[in-house]
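Heads up: the protein sequence lines correspond to chains A and B, in order. Here the first sequence stands for residues 1 to 767, where the numbers follow the numbering used here. Here the second sequence stands for residues 1 to 141, where the numbers follow the numbering used here.
It is worth saying that the hints were derived from the structure and are not from the lab. You can trust all of the hints, since none of them are fake.
Some chain A residues flagged as far from chain B (calculated, every beta-carbon gap over 10 Å):
#1 29
#2 135
#3 142
#4 189
#5 205
#6 402
#7 433
#8 437
#9 439
#10 544
#11 572
#12 605
#13 618
List time: in silico SDA-like cross-link candidates among lysine to any residue, alpha-carbon distance up to 20 Å:
#14 B:110 / A:717
#15 B:110 / A:723
#16 B:110 / A:719
#17 B:110 / A:735
A quick note: this is a predicted structure, and the numbers were derived from the prediction, not measured. Cβ atoms here follow ideal geometry from the backbone N, Cα and C, with glycine treated the same way.
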Amino acid sequence: MLYAILSTFLVAAIAPAVHRVTGRASGWVLGLLPAALFLYFLSFLPAVSAGESIVLSWPWLPGLDIHLSFLVDGLSLLFALLISGIGFFIVTYAGRYLEGHRDLGRFYVIILAFMGSMLGLVLADNLIAMFVFWELTSITSYLLIGYNHENADARKYALQGLIVTVGGGLALLAGIIMLAMAGGSYELSEILANGDLVREHALYLPLLILILIGAFTKSAQVPFHFWLPRAMAAPTPVSAYLHSATMVKAGVYLMARLNPSLGGTDIWFTTLALFGAITMFTGVFLAFRSTGVKQVLAYSTVMALGTLTMLIGIGTETALMAAMAFLLAHSLYKGALFMVAGILDHEAGAKDFLQTGGLRTALPITAAFAILAALSLGGVIPLFGFVAKELMLESVLEAPGLVGILTLLAVLTAILGVAVAAIVGIRPWFGARVETPKTPHHEAPPAMLAGPVVLASLGLIFGLGPGLADEGLVNAAAASVQGAPVDGYLALWHGINWPLAISAFSLVAGGLLYWRWEQARRALGWVDRAAEYGPEKGYFKMMDGLVWISEWQTRVLQNGYLRYYVIVIVAMTAGLVGVTAQLFDVSVGTVHFERLQIHEMAIIAILVASMLFAVLTRSRLGAVAALGSLGFTVALVYVLYSAADVGITQVLVETLTVILLVLVLFRLPGFLNLSSTALRLRDAGIALVTGGMITLLMLSTLDARLFDSISQYFIEESEPSGYGRNIVNVVLVDFRALDTLGEIFVLALAAIGVYAMIRFRAEDHRR
Amino acid sequence: MNMHSLILRTAGHFLLPLLLLFSVFLLLRGHDEPGGGFIGGLVAAAAIVLYLFSMDIRSARKVLRVDPRDLLGAGMVLAVVSALPAAFLGQAFFTAQWWEFTAPVFGEIKLSTVLIFDIGVYLVVIGSVLTIMLNLAEAED
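Please model the complete structure; the sequences and the hints are all you need to start from.
Here is the structure:
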C-alpha cells in the first residue's frame, strides 16, 4: 500500500523523461500506472465486500504517535477505485488533448502527484497523514488550475481555489487535533470505534464546526461554492478529474468517513442537511442559467456535492446507500461529460452551448455516449443515475426532520436537473447545424473517446444490474459510513411510489423548462446583478483587505531606514524583558564592589571612557577607533577570566570589524547633523532604557540558578568523551555541533546577503 | 585603495604565508589548546585582508585563487558531511567518530569527523569574511 502510493510520486518524478522518450504514446505509457493501481485496489475487493476493513501501518514519527497507516474499507476502496480508474482515462485522454503542448511533461508530473495525494487522502488511517495528503491535493490542484500560467485569469482563479481550500484546511487541522484529543487517538480506525466518546466530549461543537469548514470549502458548499466554477480555468482533463471524481469529493469523503464518530446528533443533521440542500439547489439553478459548457457542468457538480452532503446529513440507512450510489453515478457521468466537453472544445472549438448544435453527424460516437451520460445526469430510467435519484428522493421523504423544505428543494432540483441534462444531452447534438469555431473533420481519437465510452456505459450497466454495484462495493461503502452493516439493496424498480411520481413529474417539467430555456435564462438576468453581492464579493474584499494590511505594515515596519529597524528591535527586547521581569518578580543579585581589584577598576575606566568618546565624538573615524578600543578591552576581560579562546576570537573580530568599518566609511557622505534635539533625546532615552534593562538582566542572573549548570558536565566529559583538552572547542565542534552548524549557516547566509546587496546596488548604478 | 607603502607591501608579502601557516596551526591544535576553526578562519581571513591592503584587489583575488563564495559552499558541505558517518552507523546525528593510528614520521595521529567539521567552520569563516571584504573593496573602485 505504501509503495502503491509512493509509486505515483516516483513515476511523477520521471514523467517528463518518459514523455520525452515515448512522445505521442506518452499518455498510454503513463496510463499504465493508474491502471496497475486500479487492479491492485481491485484485489482488495473480495475481502472488503465481505465486510472486512484492513489496516496497514508503517512507523513515521513514532515519538509523536504519527504513523503512516492506511485503512482499506468500503468507503476508501470505492474512492480509491474511482481515483485510479478515472485517473487512467484522464492520463491517456490528456496525452492526446494536450498533445504538442510544450508543458505536457509538467502536466503529467502534477496530475500524477495529485493522484497520489488523493489516494493517500482517502486511504490514510492516521489523521495527520490524512491532513498532509489533504493539503497536498490543494497544492497540486492549484498548480493544475493554474496550468496555463501565462493566462492572468488562470493564475487568479488558481489562487482563489488555493486560498479558499487551504484556508479551510487550516480550520480542518485545528479540528482534527481536537478530534484526536476527544477521541483519544490519531488513528481513524480507533476514533470511529469510539463515536460516543467524541459526541459527548466538551470539544464536540468546536471541532465539528472546524472540520465542517474544512469539508465545506473543499467540497464547494454554499457559501464557498464560487471557487469551483472559477477553477474551470484549468485544462479540461483537469476539470474532468478534479471536479468529477476527486478533489471536490474530498470534503464529502471526510464527512462520510467521520459520520460514525460525529454524526447522529441534531446539529450534524441540521447543518449538513440544510447546507447540502441549499448548495444542491443553488448549484442546479446556476447551472441552468449558465451557457458555458464547463460552467454548466461545474455548477451541476456543485449540485451533486450538495446532494451528497445533504444525504450524509440525513444519515438514515437509505440516505447513506443513496449517497454512495449517487457518488458512484456522479463520478461516472460527470467524468464522461467533462471529457465530452473537452472533445467539443478540441474538435469543434466550442466552449459555449450557444455555439453548438446539430453535431451528432460529425461526432456520432461522442454524441451517443454524451447522451447516455446526460440521461444518467437527468436521472432517467434505466440509467444508474435513476437508481441513485430514486433512493435520494426516498430518503428525503423519510428524513428525520425538515421534510418540507428538503422535499421542496429536492423536487426543484430534480426538475432543473432534467433541464440541465437536456442542455447537455440535446443542445449540442440535435437541431439545426450551428457554425462552430472549428469544423470537426473527424471523430475524436480513441484515447479521448475511451473515457466517455467506458464511463457512460458503466452508468448503463450498473443501472440495468444494480446488484453489481450493490454487492460489489456500494453496500460495503455505506456500511463503513454508517459504522454498521447495512441490509438495504439497490434496485431499478421500486414499484409505483412517491419518488417515481416525482421523477416522472420532474421529467415533464424539466423538459418544458428546456424547451423555454432561452426565455427562462433572460428572465433570470437579475441573478447576475445579485451575484455581484454574493460570497465571491466577500472573497475579493478580503483579499483587498489583506493587501492593504500588508502594505500598511510594510510601510510602518519595513520602511528602509536602518535606524527604525534598530529602534523596533531594541525597544521590543527591552519591553519584553521589562514586562517579564515585572511578571515574574525578578530580583537583582548582590554585587560585591569591595572585591574589585585595582587592575579591574582600570579596565572598567577604559571601557567607560571609550564608550563616552564613541558617543560624543563628531568624527566617524574617532568613533570607530573608540569602538575598537572598547572591543579590545572586553577581550582583555575575557583573558583575565581565563577564557583564552573567547578572548582571541574577540580580538580578531574587533580587528576585522574596524577594517570593515573603515572600508565602508569611505562610502558615506560627509558628516551632517540632521537630527533635531527631540529625536536625539528620544534615541538617547531608548538607548538608556535598553542598556539599563540589559544590565538588570545580567545582574539578576548572578544569583538565579533555576537549573544546575551544564558547564560542570562539559568540563568533566571534555577529555574522556570529546578527546580534547580545549573545552570551548570541544563544546563548539562536538557537544554542540548542531548549534555550530546552524551558526555557520547563518554566517554564510549573511555573507551572501551582503554580497547581493553590494552587487545589485553596483549594477543599478551602472545602468 | 593602494596605499603605496613600501614597508606595508614588503611586510604583506612575507606575512601572508606565515599567517596562513599560523591559521592552519591554530585550526589543527584547536581541540587541545586555544585555537580552532573559527579562530583559524579569522586569522586566515585577516591575512588575506592585510595582503589586500598592501597590494590591490586583483592580486588579493589572485593569491586566493578561488572565489570566496566557493569556500562558503565547500565549508558548508564539509560540515554537513561530517555529520553523516554517525547516521550511517545508526548513531545519533553528529556523533563524533575517531580514528587513531601511528604514522612513521608524525607519530601518533588522531583523525575524526570533528576535525572535518572544524575544517568546514574554518572555510565558512574565511569565505564569509572575504566575500564581504573583497566585494566592499571592489565596490570602492
